[in-house]
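S.K.: Here is how the chains run, residue by residue.
Number of protein chains: 6
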Amino acid sequence: MRILVVNVNTTASMTDAIATSARRYARPDTEILATQPAWGPDSVDSFMEGYLSAAAVVERVATFEEPFDAVVLAGFGEPGREGLREIVEVPVLDITDSAAAFACQLGYRYSVVTTLARSIPTIRESLRNAGLLDRCASIRASDLSTLELEQDEERTRERLTVEARRAVDEDGAEVICLGCAGMASLDKELEQALGVPVIDGVVAAVKLAEGLHDYGLKTSKVGAFATPSPKQIQGWPRR
Amino acid sequence: MRILVVNVNTTASMTDAIATSARRYARPDTEILATQPAWGPDSVDSFMEGYLSAAAVVERVATFEEPFDAVVLAGFGEPGREGLREIVEVPVLDITDSAAAFACQLGYRYSVVTTLARSIPTIRESLRNAGLLDRCASIRASDLSTLELEQDEERTRERLTVEARRAVDEDGAEVICLGCAGMASLDKELEQALGVPVIDGVVAAVKLAEGLHDYGLKTSKVGAFATPSPKQIQGWPRR
Amino acid sequence: MRILVVNVNTTASMTDAIATSARRYARPDTEILATQPAWGPDSVDSFMEGYLSAAAVVERVATFEEPFDAVVLAGFGEPGREGLREIVEVPVLDITDSAAAFACQLGYRYSVVTTLARSIPTIRESLRNAGLLDRCASIRASDLSTLELEQDEERTRERLTVEARRAVDEDGAEVICLGCAGMASLDKELEQALGVPVIDGVVAAVKLAEGLHDYGLKTSKVGAFATPSPKQIQGWPRR
Amino acid sequence: MRILVVNVNTTASMTDAIATSARRYARPDTEILATQPAWGPDSVDSFMEGYLSAAAVVERVATFEEPFDAVVLAGFGEPGREGLREIVEVPVLDITDSAAAFACQLGYRYSVVTTLARSIPTIRESLRNAGLLDRCASIRASDLSTLELEQDEERTRERLTVEARRAVDEDGAEVICLGCAGMASLDKELEQALGVPVIDGVVAAVKLAEGLHDYGLKTSKVGAFATPSPKQIQGWPRR
Amino acid sequence: MRILVVNVNTTASMTDAIATSARRYARPDTEILATQPAWGPDSVDSFMEGYLSAAAVVERVATFEEPFDAVVLAGFGEPGREGLREIVEVPVLDITDSAAAFACQLGYRYSVVTTLARSIPTIRESLRNAGLLDRCASIRASDLSTLELEQDEERTRERLTVEARRAVDEDGAEVICLGCAGMASLDKELEQALGVPVIDGVVAAVKLAEGLHDYGLKTSKVGAFATPSPKQIQGWPRR
Amino acid sequence: MRILVVNVNTTASMTDAIATSARRYARPDTEILATQPAWGPDSVDSFMEGYLSAAAVVERVATFEEPFDAVVLAGFGEPGREGLREIVEVPVLDITDSAAAFACQLGYRYSVVTTLARSIPTIRESLRNAGLLDRCASIRASDLSTLELEQDEERTRERLTVEARRAVDEDGAEVICLGCAGMASLDKELEQALGVPVIDGVVAAVKLAEGLHDYGLKTSKVGAFATPSPKQIQGWPRR
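Residue numbers (numbering that gives the first Met the number 0), protein chains in the order written: chain A, 0 to 238; chain B, 0 to 238; chain C, 0 to 238; chain D, 0 to 238; chain E, 0 to 238; chain F, 0 to 238.
Just so you know, not all the hints are guaranteed correct.
In this list, chains with the same sequence are indistinguishable; a pair is considered to hold if it fits within one copy or across any two.
[What the hints assert, rightly or not] Below 35 Å or equal to it, Euclidean Cα-Cα: the simulated DSBU-like pairs (lysine-lysine) are: (1) K220 - K187; (2) K230 - K187; (3) K217 - K187.
Everything labelled a hint here was simulated from the structure, so no lab data went into it.
Chain A with its partners taken away, still in its complex shape (with noise of 0.2 Å):
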């Protein structure tokens, strides 16, 4: 299968990260096509800046030039995924939800380690509206920014430990799951050192994605999700 996983920032050493990523574990008949939008912002840390994104996600995944059977948005805060859900008829996963999902498998409750502080409004409300947000322990924010987590690494690295640390020793977390795309590599080294599962919403999202490909499931076309009426949208798509 083909899955075509969508940075939501247009710096392209994050999309290459975020692909690399996918990779690591998806199994090997899984293609996994990396894209990012063609404007908006080099990096999404506020409400201003997801909704850009949304609309630059949405043009990026209706004008996609391949066929794809899945979708995976590689961003917290998830821009875009209700249209998306809309405009394709393949799932739609989002890396939030997916680690939360599948942290919920795994322990009682799970803790979310993020960048930075504002981003945590909008993650409550996005597993509040998956329901997942009472078996939410905390969720903590390492106060990097997406840029500046791929810049020092060892700073990122020892930042993440501290934040996940406190969420297992004071707030009761079972599981951690890694609150940014920018963070995906550090899984298993923090798990190492947390004795704690620590999951990647990233490939969270691809084993997610797999699965309902495999079982033949789209998203439902009644309801919230049907494809959109024919309208006049003026300059759009952009490109």
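Put chains B, C, D, E and F on the given structure of chain A with help from the hints.
M.R.: Chains B, C, D, E and F in isolation, oriented as in the chain A frame:
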């Protein structure tokens, strides 16, 4: 004061109608500035359209030429609301929350009458996130799209009246919120017919904006709605 | 318009302070009528006192001699609110809900700073019933009773500042609601000191009352707040 | 032990009926003292009447001449409950919570059958605050006011049976709670007719009071129900 | 009446201790029959042990030789409760729910002090399903296993006192529920030390059983707890 | 990988049917091992039977002779799930949660179609504890017991289709979850007939197991699912 009322689609006749509605009960010293996005869908009836609208709304407000003291976002689903709260300092009101907040002062349970059934999940999550879902007796669809509302006023009146009456008689609603900016002009007529308060969200948002402004209140810049850090945004603003 | 602001206790100096507070941000054409119950406790810091106050408030409003267009109930715990909504047609606002409703427009999470710890359960239930609890970061007590607030303004300022700052720093509050009518005059000073919006519920309720009145809205008489059937009430009104 | 059963209205025949009901299943060594407020409404069917009743109930219990070991508050809506918990040390039970607490031991979901539809919001909030709403299948109104219940026993029996049967057949109720002290005498007859347990809250409250008393338990005076500080209460007690 | 008190493990000394506890506050005409499963773990501190216990408890009660009027299930986690409700007609009480139901009559918030931290999720879900979680201030572990409770009474007293005091001082508990049948004998001593009501669930369940029995109430056989249809059960009962 | 699929009852033909279902969409390199308890009920349609099943399931898995990489518990109500999570290190999936987790990726609201109405409370609590209840549009009973499902396939197809269609048309379901392992073979046929995704929980659980295994994830042993301390278990294992 000056309130910037933002129609979320590119249909100029709706922008006019919303401005007219906003002016009906505005105070004499309140100036209503009405605008619409420079690009995007001619109406918002789906998630996908909402995402495009959100980005275009953010752009429009960020580049608006004149000063204003508050923003009223005149589209159900609130496309772009949190983003606006980040990029401006003045209060940002939306019509779903404002209508429901007014309704909760006037009765124990209220219902929303909206356009298409597919919008119900969005409205439901919006009310839940605002904490107002528990007192929502029902969300009922008129099965008229946003643009159809304008096309045949008699049909619109009839359909809205039928659904609103069912909300009162069958669901226990004590107040009705009109779930689309395009229904605004029918508020008092419906109120007369049904014998319960009927609220147009545009008016409610204007009145809240006036109140917040009088009291000198602005959006909190500590936490979720802090100004985004400056960063590179490719191809933006679009115009 | 004429707003009847009801102090819920029998302390005349508090009635005056509340009236002053209400007038601060009222519109020029809004007349504030202030009153207090003819009997009952000189301050309300317990459930028992709240019950006496509620009955006395209902009596006071039912027998008020002049016409009015809205009622603002100026006591946390809202003694008598639903009863007032039954016996008058005009909107009835209370200061807990009004402050929290304003707060939710300005930030993601707010805190309430109140008088004694024993009031916390009442406020908590009130916010929950209004659907506003989920966005309440904390309710903190200053450990000053209603009457002590007036006795030593310096101490009041200090205690409120300490608790409000903790709410912002430790609990994640982005907005502060003052949890007692007696704290009103400190709003702008605290706002300056803390760097977040600070809301006095009396002002919020006055502004909501003005907005509802401008729009011609009244309490719904279908359902929970229908006028009670006439019946025999022994020894009532008391005066 | 001595249980003070408090009718919340001034209708002596209802006080007698409640006392009779309370005595039916009381233990031989339990003495039932019945009382009623010295002033207030002859029945409680609205919020307003509930507020008057609460104040009068607090006064009545505060000035009751004889010793007692527990209080049973025999009115739906629990007028004055928290106030009583502050001013006495003995346990205070009410009939809504007591009936629902018993019901939850006997089935998965229960329904309440009450008097007028306007009481439903009060009962709903009361059950929610007690944490018992989630297992409430429905609250159904007989459309008979408190006083009408007594006037025509045949009609009362018929209306209650109809609504209770609907609760079982349509709403999935496995247990029925009688939502008004005036329905008490019909419990066993309805139980026979419906084939599910039927609970009169007065009996449930009496049995809980006996249990708490046997175990030597009293109201906690740490926190919400601490004794109010002495303060000046103008014109009180009334008699 | 005759109450069958079921210890959920195979430790005879605990069965005796529970019986003693149950008899302390039982009425003179209440006979306490105590039993324990014929097989299973000698204490229940994990889910796995709880499942074995549940099956063995169901077997024990189903084959009990003498008549009884109610069942009290004396183990936190309620192993087998719903199964017992299906196979007997008399009321089945458990000690978690009973203690919390009593606690909610005496204070606004209560805490549970239990054995090991691993039991907290079970207790949490049990309270949530009973609707009693919202008023639960905290669940604290003493870090003593069920059997360790018996081994060193002095240590048990000390650890419970420390955690209970923290619940009152730090978490806002107004009432304490003892979270294990093995802690029963310390109730009054702790109550004295802490100044808040302390509830042993065995006593609470016995008193509820007496109350339900006096009122002639039995488990509803309409719905969730209907008698199972006869079917083939291989190798059962085991003895 | 090797997945141990556990039928929760002793009916060998159902074990075979479940194994067949599990193999349908398993990957070529996934080996399905199917087993059933050595004792217990021939089907699970009540709480009591669920408790027996849970103990027998725990015993069966604890003594299983061959190695395996994941467990799929193929019975609604999840008898023994948490116990299995304690005693094995590999992931343990159940069919209720797995089906609902898949459903939430494909539509906004899903319904469950199950066997008898008496199972509805169990399923409801299971979904609530998994956080998935809020998006559950309805749980509908076919009124066929587990064993009746197998007896007359035509009747089963008809009853399921009727209830599933009602779920879509009347309750707003966008996805259907089959609520019993015995319904598995009808998934694609129903999907065709209804036009919405239809999910067999056995398949969903197998696919989740494959995904978790690929990613190297195991059950967290910190907290709720830590290995139980060794202790004396009388008469166990039974065989």
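S.K.: Output the indices of the hints that this structure fails to meet, ascending.
M.R.: none
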